[in-house]
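Turn these sequences into a full structure, and let the hints guide you.
Line order of the protein sequences matches chains A and B.
With the first letter of the first sequence counted as 1, position 110 gets the number 110 in the working numbering; the numbers rise by one all the way through.
With the first letter of the second sequence counted as 1, position 10 gets the number 212 in the working numbering; the numbers rise by one all the way through.
Any given hint could turn out to be false.
[Unchecked claim] Distance condition first, Cα-Cα at most 25 Å in a straight line; then the derived BS3-like pairs of lysine-lysine:
#, chain 1, residue 1, chain 2, residue 2
1, A, K35, A, K22
2, B, K268, A, K95
3, B, K321, B, K384
4, B, K285, B, K376
5, B, K450, B, K424
6, B, K450, B, K392
7, A, K95, B, K241
8, A, K94, B, K268
9, A, K94, B, K241
10, B, K450, B, K432
11, B, K377, B, K272
12, B, K384, B, K413
13, B, K316, B, K392
14, A, K171, B, K376
15, B, K404, B, K421
Derived from the structure by calculation, the hints contain no laboratory data.
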Amino acid sequence: MVKQLVAVFLAAILTENYVLSKFLGICPFLGVSKKVNTALGMSAAVTFVMVLATAVTYPIYENILVPFGLDYLQTIVFILVIAGLVQLVEIILKKYMPPLYNSLGIYLPLITTNCAVLGVTMLVLEKAAQDPSYTYVTAIVNALGAGIGFLVAMVIFAGVRGRLETADIPKSLKGLPITLVSASLVSVSFLGFAGLVEGLMG
Amino acid sequence: MNAILIAVAVVGAIGLVVAVVLSFASVFFAVPTDERVEKLTSALPGANCGACGYSGCSGYAEALAKGEAKPGQCPVGGEETAKNVAEILGVKAESGVPTTARVMCSGSCDNTEKRVNYKGIASCSAAFQLLAGGGKCTYGCIGLGDCVRECEYGAIKVCNGVAIVNEDLCRSCKKCAAVCPKSLISIVPKRSASVLCSNIDKGAQTKDDCKIGCIGCMKCQKACEFGAVKVEHFKASVDPELCTLCGKCAEACPKGVIALPADYSKNE
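Written out as structure tokens, the structure is:
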């Protein structure tokens, strides 16, 4: 059980990294990775929302959508629930944890319909359908791992972009082009982790 | 048909639950905000320049509402904004002295010469790092217009090799002062005389470098009846608080480097 959880957690960070392997959540990945500080803030908010969203959408899917035969409405219901959830979290944080609210700042509402968050909630259900040993707890651990994986990708890429600032870049590649090129290289570097988790836990 | 109805009912019910929870949450967890903050923010110019010392206009508005700041700290909005802000807060406006940025250099192409012919990046900070500007006077205006590019109000232009501030357009946001590599730009009250030179070399050296530079001859200090003019490090400076604009220092100056506000309006 614990072994499975560790394997799922590590796989979500390294081999199935949502940004670098599944290419979800690319917009914040490119948008707020200019500085390590903002990258950290954004990743913290994404991790938080991913775990919370999975914790809420998983039972909704299992207990409401499947019994009614409405699993084809997954996407729209999940977006609705996640958006409402993020709003609720924002209101509660504003009241009881103003420092955290201020530090998450604009990122919290921004990730309301982040595709990485929606992707995690939907992909864990896909996995659960294939694997009977995959439970609610596994799904939450998977979501946490996905969030940490997002953080790792953001921080690594913020570091790469920091180096880009001082690099001598050809004029035609300046700005977004070189950012995309370096993003693809970072993504390729993550291919090196393929099979790592299976090898470790195998 | 049934399938559609069930789908609509389930999604509608989920949406309704979310809506009800959210509306209850917004009532139960409401954070009381000072409604004056919004009013104050709209009364401020919204330039977010930070010249008031707070993080932009909203920061200043919050500080005002808390009573930590006073109206009239916004140089961009000037007196009108101070009056509006004071009205919202219900306090009396303190009339601030209108200020302006001034370039403390008169080293135009007619008055001074180039030491070297700088042909590098057209930016004062770049030229300053390389050759301290390339002019004969190492204290003088480089004239490549870093301040011109920084000014959001189009109040600065470079005339004949030296930057000049149009004091009617200047809002004293201090951005130009921060960007000048030689720190030639000062924020001073509009109604005061200024010695438009920053050269602190000895008189003989200054004379070599610039026709109009202040040589520290002390004539202005003696001419001033109010003790507003002082010569330090071979350069005169005017204390704007004591200056009465009598113009005697400007008359006494053998170089003609002391300017009165009237001279500025002539320039424009």
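Quick rundown of the hints versus the structure:
1. A/K35 with A/K22: holds, 23 Å
2. B/K268 with A/K95: holds, 19 Å
3. B/K321 with B/K384: Holds, at roughly 19 Å.
4. B/K285 with B/K376: Holds: B/K285 and B/K376 sit about 22 Å apart, inside 25 Å.
5. B/K450 with B/K424: holds, 10 Å
6. B/K450 with B/K392: holds, 18 Å
7. A/K95 with B/K241: The hint holds at about 23 Å.
8. A/K94 with B/K268: Holds, because 19 Å separates the two Cα atoms, which is no more than 25 Å.
9. A/K94 with B/K241: holds, 21 Å
10. B/K450 with B/K432: holds, 14 Å
11. B/K377 with B/K272: holds, 22 Å
12. B/K384 with B/K413: holds, 20 Å
13. B/K316 with B/K392: Roughly 31 Å between the alpha carbons, so the hint for B/K316 and B/K392 is violated.
14. A/K171 with B/K376: violated, 34 Å
15. B/K404 with B/K421: holds, 15 Å
In summary, the numbered hints that this structure violates are 13 and 14.
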